[in-house]
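Generate coordinates for the entire structure from the input sequences, incorporating the hints supplied.
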Amino acid sequence: MTSKTEKPVLLTIRGLRIEGRSEETWSEIVKGVDITLHKGEVLGLIGESGAGKSTIGLAAMGFARDGCRISGGTIDFDGIDLRKAPETERRGLRGKRIAYVAQSAAASFNPAHKLIDQYCEAPVQHGVMDRSEAEGDAVELYRRMRLPNPEEIGFRYPHQVSGGQLQRAMTAMAMACRPDLIIFDEPTTALDVTTQIEVLSAIRDIVAQFDTAAIYITHDLAVVAQMADKIKVLLKGDEVEEADTRTMLANPQQDYTKSLWAVRSYARPVQPPVTDATPVVSVKAVTAGYGAVDILKNINFDIHKRRTVAVVGESGSGKSTAARVITGLLSPRQGQVLFDGKALPPDYRNRSRDQLRQAQMIYQMADTALNPKLRLRDLIGRPAQMYLGLQGKALTERIRNLLELIELEPDQYIDRLPSELSGGQKQRIGIARALAAEPKFIICDEVTSALDQLVAEGILKLLDKLQSEFELAYMFITHDLATVKSIADEVVVMKDGRVVEQGPKPEMFQPPHDPYTELLLSSVPEMDPDWLTNLLNERKQKENS
Amino acid sequence: MSILINLFWVAVAVAVAMGAGWLFRAAAIALTKGATARMLRTAPVTAGFGMLVILIYVVVAIFAPLIAPFQEREVVGAQFMVWDSVHKLGTDNLGRDMLTRLIYAARNTVGIAFATTALAFVAGSVLGLLAATVGGWLDQVLSRIVDILMAIPALVFALLLLTIFGTSVLKMVLVIATIDATRVFRLARSVAQDIVVMDYIEAAKLRGEGLWRLITREILPNAMAPLVAEFGLRFCFVFLMISALSFLGLGVQPPTADWGSMVRENASLITFGDITPLLPAGAIALLTVAVNFVVDWMLHRASGLKE
Numbered sequence: 001m002t003s004k005t006e007k008p009v010l011l012t013i014r015g016l017r018i019e020g021r022s023e024e025t026w027s028e029i030v031k032g033v034d035i036t037l038h039k040g041e042v043l044g045l046i047g048e049s050g051a052g053k054s055t056i057g058l059a060a061m062g063f064a065r066d067g068c069r070i071s072g073g074t075i076d077f078d079g080i081d082l083r084k085a086p087e088t089e090r091r092g093l094r095g096k097r098i099a100y101v102a103q104s105a106a107a108s109f110n111p112a113h114k115l116i117d118q119y120c121e122a123p124v125q126h127g128v129m130d131r132s133e134a135e136g137d138a139v140e141l142y143r144r145m146r147l148p149n150p151e152e153i154g155f156r157y158p159h160q161v162s163g164g165q166l167q168r169a170m171t172a173m174a175m176a177c178r179p180d181l182i183i184f185d186e187p188t189t190a191l192d193v194t195t196q197i198e199v200l201s202a203i204r205d206i207v208a209q210f211d212t213a214a215i216y217i218t219h220d221l222a223v224v225a226q227m228a229d230k231i232k233v234l235l236k237g238d239e240v241e242e243a244d245t246r247t248m249l250a251n252p253q254q255d256y257t258k259s260l261w262a263v264r265s266y267a268r269p270v271q272p273p274v275t276d277a278t279p280v281v282s283v284k285a286v287t288a289g290y291g292a293v294d295i296l297k298n299i300n301f302d303i304h305k306r307r308t309v310a311v312v313g314e315s316g317s318g319k320s321t322a323a324r325v326i327t328g329l330l331s332p333r334q335g336q337v338l339f340d341g342k343a344l345p346p347d348y349r350n351r352s353r354d355q356l357r358q359a360q361m362i363y364q365m366a367d368t369a370l371n372p373k374l375r376l377r378d379l380i381g382r383p384a385q386m387y388l389g390l391q392g393k394a395l396t397e398r399i400r401n402l403l404e405l406i407e408l409e410p411d412q413y414i415d416r417l418p419s420e421l422s423g424g425q426k427q428r429i430g431i432a433r434a435l436a437a438e439p440k441f442i443i444c445d446e447v448t449s450a451l452d453q454l455v456a457e458g459i460l461k462l463l464d465k466l467q468s469e470f471e472l473a474y475m476f477i478t479h480d481l482a483t484v485k486s487i488a489d490e491v492v493v494m495k496d497g498r499v500v501e502q503g504p505k506p507e508m509f510q511p512p513h514d515p516y517t518e519l520l521l522s523s524v525p526e527m528d529p530d531w532l533t534n535l536l537n538e539r540k541q542k543e544n545s
Numbered sequence: 001m002s003i004l005i006n007l008f009w010v011a012v013a014v015a016v017a018m019g020a021g022w023l024f025r026a027a028a029i030a031l032t033k034g035a036t037a038r039m040l041r042t043a044p045v046t047a048g049f050g051m052l053v054i055l056i057y058v059v060v061a062i063f064a065p066l067i068a069p070f071q072e073r074e075v076v077g078a079q080f081m082v083w084d085s086v087h088k089l090g091t092d093n094l095g096r097d098m099l100t101r102l103i104y105a106a107r108n109t110v111g112i113a114f115a116t117t118a119l120a121f122v123a124g125s126v127l128g129l130l131a132a133t134v135g136g137w138l139d140q141v142l143s144r145i146v147d148i149l150m151a152i153p154a155l156v157f158a159l160l161l162l163t164i165f166g167t168s169v170l171k172m173v174l175v176i177a178t179i180d181a182t183r184v185f186r187l188a189r190s191v192a193q194d195i196v197v198m199d200y201i202e203a204a205k206l207r208g209e210g211l212w213r214l215i216t217r218e219i220l221p222n223a224m225a226p227l228v229a230e231f232g233l234r235f236c237f238v239f240l241m242i243s244a245l246s247f248l249g250l251g252v253q254p255p256t257a258d259w260g261s262m263v264r265e266n267a268s269l270i271t272f273g274d275i276t277p278l279l280p281a282g283a284i285a286l287l288t289v290a291v292n293f294v295v296d297w298m299l300h301r302a303s304g305l306k307e
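From first to last, the protein sequence lines stand for chains A and B. One point on numbering: in my numbering, the residue at position 72 of the first sequence is 72, and numbering is uninterrupted. One point on numbering: in my numbering, the residue at position 283 of the second sequence is 283, and numbering is uninterrupted.
If you are wondering where the hints come from, they were derived from the structure by calculation, not from laboratory data. No false leads were slipped in.
In the DSS-like style, the derived pairs of lysine-lysine whose C-alpha atoms are separated by at most 30 Å in a straight line are:
#	chain 1	residue 1	chain 2	residue 2
1	A	Lys342	A	Lys297
2	A	Lys284	A	Lys305
3	A	Lys440	B	Lys205
4	A	Lys284	A	Lys485
5	A	Lys236	A	Lys373
6	A	Lys393	B	Lys205
7	A	Lys373	B	Lys33
8	B	Lys205	A	Lys284
See below:
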């Protein structure tokens, strides 16, 4: 690691200031950040959303998004001043010497062209290779990124390969001109843990092989610990601290950094198991699916009062479909859902108002779950008005009460629109709307996955507090095992529509495991910088033995 | 040389128009408060001009009897009199005062167009939202009927229906509203289809909300921006359609003043190089441009673009 700092400096950013435009005025979103990056070095940029990570990443290419402008500082890339260089010169660098890998590969590929056509575009355009050389090179890099069938995969369209493969194809594409610097903007955030490992190790190897410098942007500390040589922590456009990865992990200096580290350790005490009482919700031998395909195959699980059951699995494992069956959006082909021991009508349209009231749902994306044209008063007030018949003063009183429960100041927030709230606050409104119905059971569908860690922790604590206050039963759908560790009482592991393993949390995190649970558990990144290396070695040994 | 002079006058006219638009916008901002003023501040000068023109048309239409120097149907002089101090814009083919006719026509043409557009909108958007929300066979039936109606060219279809049912203002309003409602239906349906898949609609359904409340409270407010923008455009199309029908003799019937028929009645003057018959056409053009300026601004706001 230390050898890298002796190499020549590639990128120097001094006093970088970037302004963003909102409501006709310019406000500073990056406030004087310095970066020094040597050849072949990987810098991890971490921070919450709004910290300016992506903006800085783009600025390293001499680029500012629409509505943003670089207002101060210098950006020096290998002797070229990117702020003063003419646009043609900058364009010549982009894709050739500086490349960019975006968070969503699915959104970054043009769906109308084959992968290899998109791969060849940059090297041919920049005159690095001709078309046939570029195609040969693509196959070589696809092989190095460990994509299956490297000779053929390039001739597929983006929708014909999986998300993890697409992200690797994107990285291969960024490597096409063998750039000196790659900017990775949250490349694995949208992936499942098991897929994430493959992408991370492929990225790490290829960056090392070609001695490419990289800026790795993420909000996941455990991921950055695996990837970066040094870490810079950002908060609201300001640098908090920067240090060598190991030093930073072992000995963070600033309070803010420590608080980021501390999130991982939040855990609530496990509730004593309940076995005698009737479960609030009981899913009995449910088989369900769309069309002729069964998504769920003979699913069974119970959820008791005051307990949190975490349903874990990769995307496509049927977690959300299980929720749709319980809420009645999807009628099961076989089996039934019991509520307090009584069978619920399979279709929500046949359920009574009281049955609907008892089971509420909190969604993953608060942005799409709240009607953007309604004020908080109406959003939260409607269930209370509808189910409990509250009117006028009593209704306002109840809304204020609910806002206090979710820790928002009623006077300040009651007449706001969702667009006037932050991401975490919107999710709190989602919670308040569910609570307004005074339910017994709440389905939380990936409620924290769109949020920053500190904000997510606040939401988890709030849900925990509300559970003990109102004796709620939670079904917690998630793919994040860190969340499971912190709040679940029981865990249900799903794969391909089947329950692979289920039981109380302490047992689930103790071996022996079902092989799939084992894979899932071992794939959760840990803060140890050697974790990925060790894990890959371990898996290789297992395969050999 | 004369081309240059003409160009100069066009430039002066544009400058005056923009200046008036800017003044109107500044006055409107000064006279309003809070959210309205903030909204007006985002309006470009063109939108200011558009609003000013629309306001003038509305005032003229409402106060036509007070503003017009003569009666709508009164014969006041010889045919095709030239512009003078009494008859500011001369007289028409029957010796009626041209300015008076223009002012009354604002009332008839704009009023009828507005009523027609409103009717088309109520019918089209209610059915469109319903089709998107309920889906299934209702959507299929309504959409296929609309497809069939839209397959027939609008003007030909309108002429056909008016020939069958006869010409009266009410029938014309109904016929044009029906034809235009199909366009509104398509827009409302496609906008609503993007909205009904949102989580908040699912949440509302799971809450047990009824269809009416679902449409009016959850879907309509979110579909409003494109619908309002479409209202402006649709208004222009309806307006042109009425004028076209009147020009062909199937629209507003004489002696009621109407801009479309006024062009036709006085068309023979064009051969003498007189621009008077083009004034009603100019009135139509000016209103169309003004409405589109305002609509552009609204579309801009609705799409959330800042620049």
